[in-house]
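There are 2 protein chains.
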Amino acid sequence: MKKAVVLLSGGMDSAVALYIARKKYDCFCLTFDYGQRHKSELDAAAKIARLAGAKHRVLKISFPWKGSSLLDKKIKVPIGRSVDIIKKQVPSTYVPARNIIFLSFATSCAEVIKAETIFIGAHTQDYSGYPDCRPDFFKVFQKVIDKGTKTGTDKKSIKIEIPLLKYNKEKILKIGQKLKVPFEFTWSCYKGGKNPCGSCDSCLFRKKAFEKLGIKDPASFKK
Amino acid sequence: MKKAVVLLSGGMDSAVALYIARKKYDCFCLTFDYGQRHKSELDAAAKIARLAGAKHRVLKISFPWKGSSLLDKKIKVPIGRSVDIIKKQVPSTYVPARNIIFLSFATSCAEVIKAETIFIGAHTQDYSGYPDCRPDFFKVFQKVIDKGTKTGTDKKSIKIEIPLLKYNKEKILKIGQKLKVPFEFTWSCYKGGKNPCGSCDSCLFRKKAFEKLGIKDPASFKK
Numbered sequence: 093m094k095k096a097v098v099l100l101s102g103g104m105d106s107a108v109a110l111y112i113a114r115k116k117y118d119c120f121c122l123t124f125d126y127g128q129r130h131k132s133e134l135d136a137a138a139k140i141a142r143l144a145g146a147k148h149r150v151l152k153i154s155f156p157w158k159g160s161s162l163l164d165k166k167i168k169v170p171i172g173r174s175v176d177i178i179k180k181q182v183p184s185t186y187v188p189a190r191n192i193i194f195l196s197f198a199t200s201c202a203e204v205i206k207a208e209t210i211f212i213g214a215h216t217q218d219y220s221g222y223p224d225c226r227p228d229f230f231k232v233f234q235k236v237i238d239k240g241t242k243t244g245t246d247k248k249s250i251k252i253e254i255p256l257l258k259y260n261k262e263k264i265l266k267i268g269q270k271l272k273v274p275f276e277f278t279w280s281c282y283k284g285g286k287n288p289c290g291s292c293d294s295c296l297f298r299k300k301a302f303e304k305l306g307i308k309d310p311a312s313f314k315k
Numbered sequence: 093m094k095k096a097v098v099l100l101s102g103g104m105d106s107a108v109a110l111y112i113a114r115k116k117y118d119c120f121c122l123t124f125d126y127g128q129r130h131k132s133e134l135d136a137a138a139k140i141a142r143l144a145g146a147k148h149r150v151l152k153i154s155f156p157w158k159g160s161s162l163l164d165k166k167i168k169v170p171i172g173r174s175v176d177i178i179k180k181q182v183p184s185t186y187v188p189a190r191n192i193i194f195l196s197f198a199t200s201c202a203e204v205i206k207a208e209t210i211f212i213g214a215h216t217q218d219y220s221g222y223p224d225c226r227p228d229f230f231k232v233f234q235k236v237i238d239k240g241t242k243t244g245t246d247k248k249s250i251k252i253e254i255p256l257l258k259y260n261k262e263k264i265l266k267i268g269q270k271l272k273v274p275f276e277f278t279w280s281c282y283k284g285g286k287n288p289c290g291s292c293d294s295c296l297f298r299k300k301a302f303e304k305l306g307i308k309d310p311a312s313f314k315k
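Chains as they are written, first to last, in our numbering: chain B, 93 to 315; chain E, 93 to 315.
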C-alpha cells in the first residue's frame with residue numbers, strides 16, 4: 093500500500109482528512125506539541141490515530157517568541173465573536189508560520205519514509221483569516237517541495253493533498269459522518285480547560301456545524 | 093536599528109553571513125539542535141553570536157525518521173572524496189527538508205519580532221548537491237513567506253537574504269577575513285569527534301579554501 097503523511101491536530105478537520113487518506117494510503121500521522129494552550133488535542137490525536145489504525149508520532153517543538161494567543165497566556169483567546177467578524181481578520185489565535193513549519197516536517201518525514209503524499213485538513217470556508225490555510229499558500233509550498241527536496245528534484249515529487257480545502261465545517265462534518273470518524277474523541281476548543289469552553293472561534297464553528305445538521309455533538313455526551 | 097533573523101549553524105558560511113548582516117541589522121541568531129553528529133557546532137554558534145554582539149537562541153527539534161548520515165550513526169559520513177564527485181550527487185549528509193524547516197522557524201521568529209530580513213549563509217558554488225541550497229529553492233520559499241504569513245499578505249513581506257549564494261568557499265573566506273570573522277571558533281567537520289577529521293566533505297572544502305588563499309586555518313592552532 094502506498095504511504096501518506098497526515099498532519100493530525102486532534103481536531104475535526106484533520107481527523108476527517110485522516111479518514112479520507114486511509115482509504116488509499118498507509119498513514120503516518122504527525123502531531124505537534126508546540127506549547128499550545130489546548131494540549132487536550134494531543135491526547136485526542138493519539139486516540140484518533142489509534143482508532144484509524146495509523147502510525148502516530150508527536151513532535152515537540154517550541155515557539156519561544158510566542159506571538160499568538162494560543163501560545164501566550166497574557167493574550168486572551170477571543171470569545172463570542174460572530175462568524176462574519178471572524179472571517180474578516182487574522183485572529184490572535186494565528187500562530188506565525190505554524191502550517192509552514194508543520195508542512196516542512198511532514199515533507200522531511202515523507203521523503204524519508206517514501207510517502208507519496210502529505211494530507212492536511214485545512215479549509216478556506218471557515219477560518220479564512222489564517223494566511224497559511226489559503227489555496228495560494230499551498231500552491232507555493234508545493235513548489236518548495238518540488239524544488240527543495242531530493243525526491244522533488246530527482247523524480248516524482250511528494251504531493252500535498254488538501255481534500256477539504258473548499259468545504260465548510262458543515263460539509264466536513266457530513267463527510268466525516270459517512271466515514272465514521274469518531275468525532276466524540278476530537279478536540280476543537282482553543283482554551284486549555286478540562287471541557288470545551290463553547291465560545292471561542294473554534295467551539296463556535298463546531299457548534300454551528302452540528303446545529304445546521306441538526307445533530308448533537310457526540311463530544312458533549314462525555315461531559 | 094532594523095532587525096534580522098540569522099540562521100547560524102556554527103560553520104564558516106553562516107558566521108560570515110552574520111558578520112555581513114550585523115553591519116545593517118540588529119541580529120537575532122537561530123541555531124538548531126537537531127540530533128546532528130557534530131554537536132560541536134552548537135558551542136561554536138553560541139560563541140560566534142556572542143562575539144558578534146547578536147542575540148542567540150538554540151531550538152531543539154528532532155528528525156525521528158533520520159534519513160541522513162548526519163543523524164544516523166549506522167550510515168557512514170563519506171570521506172576523502174574529490175570535489176568533482178561531491179558536486180555531482182546529493183550526498184548522504186543531506187538532511188531531508190532541513191533548510192525548509194530552518195527557514196520556517198526563521199519566518200515565524202521574524203514575523204513575531206518584526207524583523208525585515210532572514211539571512212542564510214547558503215551558497216551554490218560548493219555543496220551543489222543539496223537541493224535546499226539552490227537559488228530556485230530560495231525563490232519559491234520567498235513566495236511561501238509572501239503568501240503564508242500575516243506580514244506577507246498584509247504589507248511588506250519578510251525578505252530572505254542569501255549574501256553568499258554565488259560565491260565559493262575561497263571567496264567566502266576572503267569576505268570573512270575582511271569582516272574579521274573569528275574563524276578560529278567556527279566548526280565545519282561533519283563527524284562527532286573532538287577535533288575536525290580533516291577528510292569529510294566539509295573539512296575538505298574548508299581545507300581547500302584556506303590552501304588556495306595560502307593561509308593557515310586558525311582553528312587548527314587550537315588542537
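Please keep in mind that the hints were generated in silico from the structure rather than gathered at the bench. There could be a bad hint or two in this list.
List of simulated lysine-lysine pairs, DSS-like, C-alpha gap at most 25 angstroms [stated by the list, open to error]:
#1 K231(B) x K179(E)
#2 K242(B) x K95(E)
#3 K231(E) x K231(B)
#4 K166(B) x K147(B)
#5 K242(B) x K206(E)
#6 K95(E) x K248(B)
#7 K158(B) x K251(E)
#8 K158(E) x K251(B)
#9 K166(B) x K139(E)
#10 K165(B) x K206(E)
#11 K152(B) x K231(E)
#12 K152(B) x K147(E)
#13 K235(E) x K231(B)
Indices of hints not satisfied (ascending): 1, 2, 4, 5, 6, 9 and 11
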